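Reconstruct the complex from the two isolated chains, following the hints.
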Amino acid sequence: MSMEAYALCPRPLAGVSDWQTGLDALGFDLQLRGTAIPPASSGHLPALRRGRASGFECALIPFSELKDTYPETDFAGSWPCVYAFWFGTIAESIGAVMAITACVKLVDGLAFYPEEGRLLTADQAVRYARETVPAAEELERQLGPGPD
Amino acid sequence: MRAHEPDVILAYSLAQLRLSLAFVALELLDIKAGFRPDQPRGCDGRWCGEGGSLTVIRKDRTGDPRIDAKTDEILDVLNEVVGSTEPGEGFLYGTQIHARLAARLRELDLPGIGRHGVEQSFVAGDIACHGLSGSIRTDVLLRDGRTSAAPIRAIWDIKTGETGLSPRRIRALRAGAGVGDSVPIIEIHLLRGISVKGRVSVTVAIGVVAA
Numbered sequence: 040m041s042m043e044a045y046a047l048c049p050r051p052l053a054g055v056s057d058w059q060t061g062l063d064a065l066g067f068d069l070q071l072r073g074t075a076i077p078p079a080s081s082g083h084l085p086a087l088r089r090g091r092a093s094g095f096e097c098a099l100i101p102f103s104e105l106k107d108t109y110p111e112t113d114f115a116g117s118w119p120c121v122y123a124f125w126f127g128t129i130a131e132s133i134g135a136v137m138a139i140t141a142c143v144k145l146v147d148g149l150a151f152y153p154e155e156g157r158l159l160t161a162d163q164a165v166r167y168a169r170e171t172v173p174a175a176e177e178l179e180r181q182l183g184p185g186p187d
Numbered sequence: 012m013r014a015h016e017p018d019v020i021l022a023y024s025l026a027q028l029r030l031s032l033a034f035v036a037l038e039l040l041d042i043k044a045g046f047r048p049d050q051p052r053g054c055d056g057r058w059c060g061e062g063g064s065l066t067v068i069r070k071d072r073t074g075d076p077r078i079d080a081k082t083d084e085i086l087d088v089l090n091e092v093v094g095s096t097e098p099g100e101g102f103l104y105g106t107q108i109h110a111r112l113a114a115r116l117r118e119l120d121l122p123g124i125g126r127h128g129v130e131q132s133f134v135a136g137d138i139a140c141h142g143l144s145g146s147i148r149t150d151v152l153l154r155d156g157r158t159s160a161a162p163i164r165a166i167w168d169i170k171t172g173e174t175g176l177s178p179r180r181i182r183a184l185r186a187g188a189g190v191g192d193s194v195p196i197i198e199i200h201l202l203r204g205i206s207v208k209g210r211v212s213v214t215v216a217i218g219v220v221a222a
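Protein chains in written order, with our numbering: chain A, 40 to 187; chain B, 12 to 222.
Keep in mind that the hints were calculated from the coordinates and are not lab data. Please read these numbers as outputs of a predicted model, since none were measured by experiment. Just so it is clear, CB atoms sit at the ideal spot from N, CA and C, and this is done for glycine as well. Misleading hints may appear alongside valid ones.
[Stated by the list, open to error] Listing some non-contacts, in silico: residues in chain B with all C-beta distances to chain A over 10 Å:
hint, residue
1, L25
2, A26
3, L28
4, L32
5, A33
6, R69
7, D120
8, L121
9, G136
10, D137
11, S159
12, G189
13, G191
[As the list claims (entries may be wrong)] Distance ranges between label pairs, derived from CB positions:
hint, chain 1, residue 1, chain 2, residue 2, range
14, A, T160, B, E173, 20 to 30 Å
15, B, L30, A, L182, 36 to 46 Å
16, B, R179, A, Q70, 22 to 32 Å
17, B, D71, A, S117, 27 to 37 Å
In isolation and in its complexed conformation, chain B is listed as follows (with noise of 0.2 Å):
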């Protein structure tokens, strides 16, 4: 029995370890769903008051991993800040949500967007100081570094409401930031949900917008 000791003791450490990996794979899980222990729940268990966490009812791919990648991440800061906001809809909870993420957003100074590429204003392709007359401002853009003559890769533009850019919309942001049509503006929809739970959907568009 005793020469089978090491063998037992090793098999113990083993099952701790998978069991204290199943605990992080679980935290992970919450921290995606952003499920907080301190929410209050109804009697029948749903998550109720505050903001709840965001459904994603549609999330389209532009197909480059790292544009993608950060959608998902904008979309993590979208549901955090929908979680930590009063629920509500209408103008001055769109106000608010806007204000929350882009503040957000600047203090996560992201990779690739950092604290510039949150509310960036251009004139004809060039970085304009925020107010400038005739200015156009993105609301997030992704750049291939962190210097501001870096290429830029994606323009994200967040609506609290299921309506889209229009063509032109889309043209003028393009031609304020003095990108080609290659680069996709990903449209990021917080939608009113009929129940505390919010509902997000993702929309691309690249390539010639037609009018």
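So that you can see chain A by itself, here it is in the shape it has in the complex (with noise of 0.2 Å):
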């Protein structure tokens, strides 16, 4: 099953490096073990929490298609950089939330959850991510963790 979100950047992150330095930053246990992040791949990007796969998909769109995807929703300005994320399972909600709110985080961009119609910017999504991951993680814990 698939669920989606998506980071606005106003540049692109320069790679998994990068990437996992802002998720160290910010203290989430999130560990990419991808050897490429879009536009160089895309399809799964593999990645472990707590020894557990928590990888989500992700590639680059072009901010026209979310435009067109969601014609009613103020994107605040154009974006170059629009990283879209799907994930199913907790796990991969998890781990697609605490990637999503380190790349808007690295680049001061911000992360649109359709879902709930949310739009926040790098700030709003670190707390919405210290809201969330607890939640998701007790939601885990009720109905277990899913296939590997």
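What follows is the structure, given as structure tokens:
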């Protein structure tokens, strides 16, 4: 099952190590395991959290496509770099929220969660992640970790 | 009078049979509607609390009876999952519905879908391990048989929101699964309702998707 979210950025991330630095700076327990990030790669980006798979699908998409998909949303300007994330399991959802937050914090971008219609600044995204991740972890404890 | 007795007994038996059939039909309607006698009701008699059942507001068909019947089966399972989940909306609710639906579909092991047809990962048309770098994952897919070599007939994408798949995503799913434009991508959207009852819509993408 797939949910989606977006990171709207003024510039692309430099690479895996750049992204990992952002995750570590926020204290997020997520290790990116891919060797490349979009646009050099697309599809599943492996990641580990507490020793378990917590990766997600990620691709670079044109901003025009995001605007076409969500015509009623004001994205506060034009964004040259939009990372799209797809995720399904609870573990993937947690990984994606952490990765999106680190991404927008690094480049001062915006996080977009269409399920909730939320467009968040970098600082708001950090607060959102700090509230959402523990709640999702509690959900994971209740429902089980899901398939590896 | 005694001569008519067998007729009376027969008529009585037939009436009893008809009544039994009517009860069975009623039970089936209740199951189809997602009715549960233990679900709490408000003073106005409406269901309250828990997830309620789904109202289908739109249901596109592919015209293929086997695929359309499978869509109905998936909708029934989604209805069951929503009915047994605390009502809500947003990211955590969506996460919960997706996780529960995937688990339930695997548990049911539906013909043509099986356990592996739920959240199957692919790379360029080949089945891949879940979590493999660069892989694309479909939500639910139907095959023309139980083996992984059987051709894929349809792909379902379940969304907890109104927004549809972008043409790019549809192309990526087809390319990942290694199927052509003739394989329908069927989107099932669980929408936010204004009451405890959810709404659901089904849309179908067949053929070439314009960028």
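Here is how each hint holds up against the structure:
1. L25: Given a closest Cβ separation of 49 Å, the condition holds.
2. A26: holds (48 Å)
3. L28: The assertion about L28(B) holds, with a minimum of 44 Å to chain A.
4. L32: For L32(B), whose nearest Cβ neighbour in chain A is about 38 Å away, the distance exceeds 10 Å, so it holds.
5. A33: holds (38 Å)
6. R69: Non-interface label on R69(B) holds, nearest chain A Cβ at 19 Å vs cutoff 10 Å.
7. D120: With a cut-off of 10 Å, D120(B) remains clear of chain A, as the shortest Cβ separation is near 14 Å.
8. L121: holds (15 Å)
9. G136: holds (13 Å)
10. D137: holds (13 Å)
11. S159: holds (16 Å)
12. G189: holds (14 Å)
13. G191: Answer for G191(B): holds, closest chain A Cβ roughly 20 Å.
14. T160(A) x E173(B): 20 to 30 Å: At 24 Å between Cβs, range holds.
15. L30(B) x L182(A): 36 to 46 Å: About 43 Å separates the Cβ atoms of L30(B) and L182(A), which means 36 to 46 Å holds.
16. R179(B) x Q70(A): 22 to 32 Å: Distance hint for R179(B), Q70(A) holds at roughly 29 Å.
17. D71(B) x S117(A): 27 to 37 Å: The hint (27 to 37 Å, Cβ to Cβ) holds, given that D71(B) and S117(A) are roughly 34 Å apart.
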